[in-house]
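Asks: Below are the chains, spelled out letter by letter.
Protein chains: 2
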Amino acid sequence: MASTDSSNRGNIEVLKAVNDDHGGVIVELKAPMDPGAFSMCLKASLLEWRNQGIKGVWIKLPIELAGLVQHIVEEGFWYHHAEPSYLMLVHWIPATEHTIPVNATHRVGVGAFVVNDRKEILVVQEKSGTSRGLGFWKIPTGVINQGEDIFAGVVREVKEETGIDTEFVEVLAFRQSHSSFFEKSDLFFLCMLHPLSFDIQKQESEIEVAQWMPIEKYAAEPLVQRHEFSKHVLAVGLAKLENTYAGFSPVCVQSSFVDQQSYIYLNGRDLEHPQATSL
Amino acid sequence: MASTDSSNRGNIEVLKAVNDDHGGVIVELKAPMDPGAFSMCLKASLLEWRNQGIKGVWIKLPIELAGLVQHIVEEGFWYHHAEPSYLMLVHWIPATEHTIPVNATHRVGVGAFVVNDRKEILVVQEKSGTSRGLGFWKIPTGVINQGEDIFAGVVREVKEETGIDTEFVEVLAFRQSHSSFFEKSDLFFLCMLHPLSFDIQKQESEIEVAQWMPIEKYAAEPLVQRHEFSKHVLAVGLAKLENTYAGFSPVCVQSSFVDQQSYIYLNGRDLEHPQATSL
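The listed protein sequences correspond, in order, to chains A and B.
As numbered in UniProt numbering, the first sequence has no gaps in its residue numbers, which increase by one up to the final residue, 279.
As numbered in UniProt numbering, the second sequence has no gaps in its residue numbers, which increase by one up to the final residue, 279.
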């Protein structure tokens with residue numbers, strides 16, 4: 001068998017693998033293999049890894065090799081996660097209960113509370129979704145892309161849906177909801193943004209109509225009045241406008257163990273200007 | 001073809017499907033089908049759906065039918081997501097750019113800041129992970145299960161890792177990091193919990209050692225001093241203990257459009273007791 005994905009150890013073909021941080025191995029298949037030959041190779045690899053005391057075995061299979069999926073499943077693997085171009089399968093060798101980490105469980109959405117100097121709030125009606133056709137005015141919302149920071153994603157979504165340039169101010173609140181998309185959950189971050197431009201250019205594909213609406217008029221909308229979440233959005237947004245509310249703002253942190261930056265969102269006002277509460 | 005997954009319309013077999021909220025259809029395959037017959041059936045279905053103006057086509061394929069994956073991929077489907085027992089594939093019929101929502105992108109982790117009446121903080125050393133074997137004391141952390149609320153998951157994790165019963169107080173801060181697990185991102189919620197019991201019983205599988213440590217001793221640990229994120233954790237945790245810091249606490253909200261409850265986390269102190277900031 002002449003494959004770049006396997007190495008010959010005596011008469012046993014073992015798939016090329018790299019170790020992970022948890023006593024397991026990761027195999028990234030790239031070259032096409034004959035399914036029969038692949039199955040033999042996988043069986044031999046599992047024997048070898050068992051002897052080595054390997055625990056979890058990951059196989060990353062590009063979509064071009066979809067014909068091998070059933071052969072991997074036949075060896076006791078299950079699906080861990082999938083992205084458009086690949087499927088990740090996993091298997092646990094020991095007899096003990098597995099400690100394979102769960103798949104990503106949440107989509108991350110953002111909503112933008114944007115109010116201009118004339119006390120008008122930026123609102124839209126969407127072309128699709130559960131509220132379409134109801135005349136329901138809502139703040140611009142969207143979904144964070146893979147690898148995108150919350151503070152960047154919300155500015156991008158407002159620009160895409162309404163054409164308005166903004167700068168990020170603060171996360172005012174967040175909501176966790178379940179079973180929002182198949183079995184997946186949703187984390188929605190409500191953000192205050194400061195508008196930097198004022199001429200609306202709505203996104204044709206997703207937005208029915210967009211406008212700056214006087215905030216009192218928005219607060220009095222019957223559908224907003226009846227929508228519990230919108231009322232919370234208004235309450236924290238108005239409190240923030242009056243400067244009596246502190247949300248969370250991002251601080252860049254460097255990890256010590258892996259070479260990576262991330263952002264921690266915290267109540268910076270209370271850390272900088274500590275004040276005893278009236279509670 | 002005698003399958004519960006298809007219906008015969010004249011001489012065209014069309015797969016049984018239900019409409020989604022976005023002009024698409026969802027097919028849930030359950031019964032095994034001969035791969036060749038299935039391919040013909042899928043081709044006919046796609047023609048029919050194209051005529052009907054259907055946009056997105058979802059196929060949920062149980063792992064037992066893994067042999068059909070390649071036949072679905074051959075018709076232009078790609079992977080959307082996967083869970084242990086099934087693979088979800090998707091295809092976009094129109095010539096326009098697709099508006100298929102992204103897969104779940106984030107795992108949700110929690111960390112618990114638990115301090116007892118003797119000003120001791122609950123800390124652990126883990127058996128695996130990037131900090132194993134370094135003598136690094138950290139607060140108990142874990143990953144939220146599918147469908148689990150943050151305030152419930154963090155209490156469960158503390159109980160599992162240390163045996164300590166707690167009650168949830170507040171989310172003090174959160175961190176978003178990328179590429180933390182394959183290409184997936186991570187949202188980590190730092191929570192303040194109030195301890196309800198004191199006798200530690202550590203989890204054998206994951207925890208090397210667990211203890212109540214005087215908080216000044218913890219703050220002086222060299223590895224904590226050098227770990228930027230731990231310093232932020234300490235700063236907000238200590239500010240909260242001194243009652244000068246407001247995080248986010250959960251409020252139950254009912255959705256108006258779908259029959260579902262969720263929790264919004266917000267700065268309840270500032271809403272109840274508004275006070276002008278010193279900024």
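Everything labelled a hint here was simulated from the structure, so no lab data went into it.
Among the clues, some could well be false.
Pairs involving identical chains hold if they fit within one copy or between any two copies, as the list cannot separate such chains.
[As the list claims (entries may be wrong)] Quick list of in silico lysine-lysine cross-link-like pairs, BS3-like style, CA-CA up to 25 Å:
no.: 1; residue 1: Lys217; residue 2: Lys43
no.: 2; residue 1: Lys60; residue 2: Lys138
no.: 3; residue 1: Lys138; residue 2: Lys127
no.: 4; residue 1: Lys55; residue 2: Lys202
no.: 5; residue 1: Lys55; residue 2: Lys127
no.: 6; residue 1: Lys30; residue 2: Lys127
no.: 7; residue 1: Lys159; residue 2: Lys30
no.: 8; residue 1: Lys231; residue 2: Lys43
no.: 9; residue 1: Lys138; residue 2: Lys43
Asks: Please sort Lys55 with Lys202 into within, between, both or neither, judging by C-alpha distance up to 25 Å.
Replies: Classified as between; 22 Å across copies, 52 Å inside a copy.
Asks: First find the shortest C-alpha distance between Lys138 and Lys43 inside one copy, then the shortest across copies, and answer within, between, both or neither for a cut-off of 25 Å.
Replies: Answer is neither: 55 Å inside a copy and 40 Å across each miss the 25 Å cutoff.
Asks: Between the shortest in-copy and the shortest cross-copy C-alpha distance, which are at most 25 Å for Lys30 and Lys127: within, between, both, or neither?
Replies: neither (41 Å within a copy, 33 Å between copies)
Asks: Please work out whether the CA atoms of Lys217 and Lys43 approach to 25 Å or closer within one copy, between two copies, in both situations, or in neither?
Replies: So Lys217 and Lys43 fail the 25 Å test inside a copy (68 Å) and across (52 Å) alike.
Asks: Between the shortest in-copy and the shortest cross-copy C-alpha distance, which are at most 25 Å for Lys60 and Lys138: within, between, both, or neither?
Replies: Intra 41 Å, inter 32 Å, cutoff 25 Å: neither.
Asks: Should Lys138 paired with Lys127 be assigned to within, between, both, or neither, using CA atoms and 25 Å as the limit?
Replies: For Lys138 and Lys127, the Cα distance is within 25 Å only inside one copy (12 Å; across copies 47 Å).
Asks: With identical chains treated as interchangeable, where does the CA-CA distance between Lys231 and Lys43 reach 25 Å or less: within a copy, between copies, both, or neither?
Replies: neither (59 Å within a copy, 48 Å between copies)
Asks: How do Lys159 and Lys30 come out at 25 Å by Cα distance, when the copy is not named: within, between, both, or neither?
Replies: For Lys159 and Lys30, the Cα distance exceeds 25 Å both inside one copy (39 Å) and across copies (43 Å).
Asks: Given a CA cutoff of 25 Å, do Lys55 and Lys127 count as a within-copy pair, a between-copy pair, both, or neither?
Replies: Result: close only across copies, 15 Å inter versus 49 Å intra.
The structure does not agree with the numbered hints 1, 2, 6, 7, 8 and 9 stated previously, though it agrees with the rest.
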